[in-house]
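Q: Sequence:
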Amino acid sequence: MLDKSASAFASHPSTLYDISLDFSEPLFIYKDPTGRVGFNGTWVVTTISVQPGSLGQKTSADKNNLLTYSITTDGTMGTITEKINGTVINTRSNPSSGQQFTVSLNQSQWDAIKFGNAQTLTIEMNGFVWTYTFDKRLNANDDILSAVKGVQDLQTHLNGIKAQLGAAIRSKGGTVNDTDAWSAFVSAVTNMQVKRWVRGTGTTSSTSLGFYHPDGNFYNLCYLTVTGLTFKPSMVLIWGRDNNYYTVLFPETIYSSYSIGRIITGTYNVNSYSGYSIYTFRLDSPAYVTSTGFQLSIGTSGNQSVIWFAVE
1 MLDKSASAFA SHPSTLYDIS LDFSEPLFIY KDPTGRVGFN GTWVVTTISV
51 QPGSLGQKTS ADKNNLLTYS ITTDGTMGTI TEKINGTVIN TRSNPSSGQQ
101 FTVSLNQSQW DAIKFGNAQT LTIEMNGFVW TYTFDKRLNA NDDILSAVKG
151 VQDLQTHLNG IKAQLGAAIR SKGGTVNDTD AWSAFVSAVT NMQVKRWVRG
201 TGTTSSTSLG FYHPDGNFYN LCYLTVTGLT FKPSMVLIWG RDNNYYTVLF
251 PETIYSSYSI GRIITGTYNV NSYSGYSIYT FRLDSPAYVT STGFQLSIGT
301 SGNQSVIWFA VE
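So the sequence shown is numbered by the working numbering: it starts at 1 and just counts up by one.
Any given hint could turn out to be false.
Claimed, not checked - Listed below are the simulated EDC-like cross-link pairs for lysine to aspartate or glutamate, each with C-alpha atoms no more than 20 Å apart in a straight line: (1) Lys83 / Asp135; (2) Lys232 / Asp180; (3) Lys31 / Asp62; (4) Lys63 / Asp111; (5) Lys172 / Glu312; (6) Lys232 / Asp215; (7) Lys114 / Asp74; (8) Lys162 / Asp180; (9) Lys114 / Asp135; (10) Lys195 / Asp178; (11) Lys63 / Asp135; (12) Lys83 / Asp32; (13) Lys232 / Asp178; (14) Lys195 / Glu124.
As the list claims (entries may be wrong) - So the derived label-pair ranges between C-beta atoms look like this: (15) Gln51 / Met192: 39 to 45 Å; (16) Met235 / Ala163: 30 to 36 Å; (17) Arg137 / Thr190: 28 to 34 Å; (18) Ala167 / Phe231: 33 to 39 Å; (19) Val45 / Met192: 48 to 54 Å; (20) Gly200 / Pro33: 57 to 63 Å; (21) Met235 / Gly86: 46 to 52 Å; (22) Gly75 / Met192: 18 to 24 Å; (23) Phe231 / Ser49: 37 to 43 Å; (24) Thr227 / Pro52: 25 to 31 Å; (25) Asn117 / Asn94: 33 to 39 Å; (26) Thr225 / Val186: 36 to 42 Å; (27) Thr120 / Thr34: 16 to 22 Å.
To be clear, the hints were calculated from the coordinates, so they are not data collected in a lab.
All values derive from a computational prediction rather than experimental measurement.
Don't be surprised by glycine CBs; every beta carbon is placed ideally from N, CA and C.
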């Protein structure tokens, strides 16, 4: 809160809250008539000596010194709680600001942690939580029982990974069970139909070619030629950047009146309901769609800037 003398000339006040600070009351910001900015409030700064994050790999040789840290505050210290994967492993009563502590585990606490990635260590005090991660690994001098436990934990970890991978494969239309062999997962990924796509820009031709209607007649139209594709599209969309012309290719569409199989459907001049025309054309030369490119009609206007989109 501002005192009366400050509030008498303060203008444009606002309230600031910063989650990195522990405010006992909101910090009040004000600006005086001379342009100076002032503030009034109380807050507590609490920090830990080790930046939260990954602690790397840890083995049985590190269980007596997973982390050495100290907490510093200009407020009141509280009980410090150390947890691994949510389980309390130690508490520090009546700590002093800046006092150094070491996270240490006895053998049973160490054995309770599964081998593998993403073990979580948290240091907590007065509502503050500092989070660290580490990977539990076998030590070269560990006994045979530790090695057996490591293999068992790895199997549990891999089963969890298989379940996540199986769910991802099924969400993309693949078929696999969580309990299948790894070879089945490889096959499922190999057989997944993941469509490729590409988008680009271009300019239509300045000259025209004869594109064939299903009845055999042809129309002289300008066209777009695209090269450099790495797949054969099942659909191509082309539309004008400065007009409303576009072309749609449906390679597997059946045009019932002529039964020619593959056709191009073009809709031109769609900028008004009364001025549009719809045409169908054979996917015959000069029109083509291959695994390296395509050439399709795009109306009667040449040298038009267009955007195209191709889907496998």
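Q: For a quick check of understanding: which of the numbered hints are violated here, in increasing order?
A: 2, 3, 6, 7, 10, 12, 13, 14, 18, 22, 23, 24 and 27
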